[in-house]
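> For the protein sequence lines, the chains are W and F, in the order given. Just so you know, the first sequence maps onto residues 1 to 187 in the numbering used here. Just so you know, the second sequence maps onto residues 188 to 964 in the numbering used here.
Simulated from the structure, these hints should not be mistaken for lab results. Mixed in with the good hints, there may be bad ones.
As the list claims (entries may be wrong) - Simulated restraints, written as ranges between beta carbons of each label pair: (1) W/84 with F/249: 30 to 40 Å; (2) W/22 with F/521: 37 to 47 Å; (3) F/300 with W/135: 21 to 31 Å; (4) F/301 with W/51: 37 to 47 Å; (5) W/32 with F/231: 31 to 41 Å.
Stated by the list, open to error - Below 25 Å or equal to it, Euclidean Cα-Cα: the simulated SDA-like pairs (lysine to any residue) are: (6) W/55 with F/579; (7) W/29 with F/283; (8) W/27 with F/215; (9) W/127 with W/93; (10) F/194 with W/142; (11) F/194 with W/95; (12) W/17 with F/284; (13) W/42 with F/249; (14) F/332 with F/375; (15) W/25 with F/883; (16) F/402 with F/370; (17) F/355 with W/74; (18) W/44 with F/537; (19) W/27 with F/211; (20) W/28 with F/370; (21) F/206 with F/256; (22) W/27 with F/247; (23) W/17 with F/245; (24) W/28 with F/217.
As the structure is a computational prediction, the values presented were derived from the model and not from experiment. Even glycine gets a Cβ: it sits at the ideal position worked out from N, Cα and C.
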Amino acid sequence: MQFMLLFSRQGKLRLQKWYVPLSDKEKKKITRELVQTVLARKPKMCSFLEWRDLKIVYKRYASLYFCCAIEDQDNELITLEIIHRYVELLDKYFGSVCELDIIFNFEKAYFILDEFLLGGEVQETSKKNVLKAIEQADLLQEVSYLFSSLGTSMFCSCWGSLSHHSYSFRNYSEACLACSVHPFAVY
Amino acid sequence: MVAPSLKLQDLIEEIRGAKTQAQEREVIQKECAHIRASFRDGDPVHRHRQLAKLLYVHMLGYPAHFGQMECLKLIASSRFTDKRVGYLGAMLLLDERHDAHLLITNSIKNDLSQGIQPVQGLALCTLSTMGSAEMCRDLAPEVEKLLLQPSPYVRKKAILTAVHMIRKVPELSSVFLPPCVHLLHERHHGILLGTITLITELCERSPAALRHFRKVVPQLVQILRTLVTTGYSTEHSISGVSDPFLQVGGHSSKTMTNTSPLSSTQVATNTDTSRNAGNAVLFETVLTIMDIRSAAGLRVLAVNILGRFLLNSDRNIRYVALTSLLRLVQSDHSAVQRHRPTVVDCLQETDASLSRRALELSLALVNSSNVRAMMQELQAFLESCPPDLRADCASGILLAAERFAPTKRWHIDTILHVLTTAGTHVRDDAVANLTQLIGGAQELHAYSVRRLYNALAEDISQQPLVQVAAWCIGEYGDLLLEGNCEEIEPLQVDEEEVLALLEKVLQSHMSLPATRGYALTALMKLSTRLQGDNNRIRQVVSIYRSCLDVELQQRAVEYDTLFRKYDHMRAAILEKMPLVERDGPQADEEAKESKAAAQLSEAAPAPTEPQASQLLDLLDLLDGASGDAQHPPPLDPSPGGALVYLLDLPCAPPPPAPIPDLKVFEREGVQLNLSFIRPPENPALLLITATATNSSEGDVTDFICQAAVPKSLQLQLQAPSGNTVPARGGLPITQLFRILNPNKAPLRLKLRLTYNHFHQSVQEIFEVNNLPVESWQ
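Okay, chain W solo, but in the shape it has when bound (with noise of 0.2 Å):
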């Protein structure tokens, strides 16, 4: 995949991911160009479409259309397939995710999908284990918010439950002392 983009029906852009070097300038041009050539496709039109020497794959979900721009040698049905697996895993983060939601929480969206893909490849398949991920790293920044106000930053180098977290460490390499017996759980 060479880049991903979300935006409402209005054309604002609501996410923006590229696999590939562009400048800036350059990524506004084609942004542009590509929200007005989506938006002007009436609803009946089949979701792919041919746009300079790309494929682009596109599917409105409500308000927001997602676009995808694939290769000449990349399978379009199977796009759909990722489109619709990442709006199903924004779903199950969000609980009925809606546009607002994308909004104000631009950068879980970004992290949702940082789980999925991973310079343009699928990196995980199974949802349960993206959606797990997200949970880990998120509680990690609560943790840490927790350690800072308590003028700790460290924390040990495992996935646990926050009850083990009670002892502050030096460096990164320590494990928990609660933890060593469980080292790299969770999969």
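Once you've looked at the hints, dock chain F against the given chain W.
Here is chain F on its own, set in the frame of chain W:
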């Protein structure tokens, strides 16, 4: 006390609350000022929040470059929150064009080697999104180490990062090749998928890798088989199809290794196609079959799958089916033909991209057996299709008609139909093609001219149609008036009606200048074809002598002169055209006129260009030659050419044995002599100077000499020194012929002279005998 900074959500709300663009800009500018101040002050606690706000503003399109250094600071921080936002910022704000991006290399290295898993994940993600070539080279060892980590979470990310690295720095393939085979034995789907992607990428880059991985194909097949046949786990499947992503990956990697997909048939039968996921997998099998050298049976299977897709109610599936069939139609023509009726039905699609694909495919499917039926469908489509497809459809129909026309009459009918339906959309050479076609079909002249006349009488707005019709009426007007053609109902056409119609075309504001030219010329031609007197025509012609359009004016003047001064030549000039050569320049009356009436200039008419090769037909070349002897138009030589030839000519004295001159022509005191020169340094070259002298009492005017040589020789004519030889030994005309004879073929020369002498026009064609042997040996 500085006011506490806005939380991200509050800022978003405020921005959304702005009623106008200007208000929004104000809010954002104010906030950006705060953010900048905060960055300057270096507040570590709220830095991540400030950056998050900045990223939001960046997405709205406002500049955010001053946040780049803050990303670096956040990444280097030890707090997870900071790192998360910092890496996100790096992915959004930094890219390989900025030098700043290299600064995060060190942080990434630290995080990769010492960080906890989520941090490693962040680092890998960022590296694979915006990592430049330098970064990839620096960090390759770290990523390689991570490939061997026990945790699948990090490993799968490391694998995909390796894919990105190989794309950026192909030399790293050697680093990442060894672990692949081992990784295929993993059970974790994410790792498998990543590994397959990595293998695919490696194979794309180097054939050596390809050979290496051929060994693992059985492995891949095994994975696929397991997925398809055994029960699936709910977490990986989509509506009953186990892990379609992995299946697709498996197939595409097999494409790379060019092996026959034994499991394709299994997949095809087992996969549930009621949902898109199943169709996606099926489609991938089709792509695999198409891309590798499959057995014929498999290819037929692929075509049949696509045929089933065509009947699917989902528009997307139909689209991919049409696109893929287009790729297959060249190689598996007969298989695709079986689905022709379905494809033709797809022409009726409302979606323009679908109907365009269907059109392309239909045109590709036309062959000699189905051409009549297909043409009917396509013509019906032409009448109703959206305007942007019309041009393609029209030219497609014309091309197909050309290739497969069963009879000439059918061909002419088809072209006529296209011109009437979509006349404005046809290509420029359609007119020329049609005139050439009609010209060649002698038995159909009467038929064509009648049909064209009828079409023209109905509608004079479609320019190509009008042009062809005008030309036909001009050429075959006599047939039009005869009144008896068995193929169309008899139509009594009056001379006056024909003239009136042509005049209408001339005067209509819809007619292009080119069309007017055609009409005027047609009128002229009718002056010889029709029985009635020519006053009406003469009137029209003289009106246009003062037309504002230069082209028309010139023609009108020429024609008028034809009436007044050269009436005796009019019939000869306006004879029926000989058949034009295909792919040659288009038929053109000017060619005739410029040859005959030398006083008329030789400007080109707008749609067609006169070429002197037209003169080929008229010169009736040497028997030995196949009529392809070249000679450039003697009427427009290149002035620079003289200079070149001068330089080519030897400065040294003429060769030791000069070739004797030859007198080739003599008539009533007008004489033509040839003198030969063979420059010693270029044995293949022969220079002939033709000299025309006049010892008679009358001037020779408009003298033109043309020459032709056999095919194996090359001839170039220079500009003559003039075209008048005054009487009683006045200054002769000289002209240089340049002949290249590399094969030393026997020289034969045919000359054609035209000039005016004693108020008579003289034309002589003759072959030069007694050419000296030294001129070519």
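> Taking the numbered hints from earlier one at a time, note which ones the structure violates and give those numbers from smallest to largest.
The structure breaks hints 13, 15, 20, 21; every other hint is satisfied.
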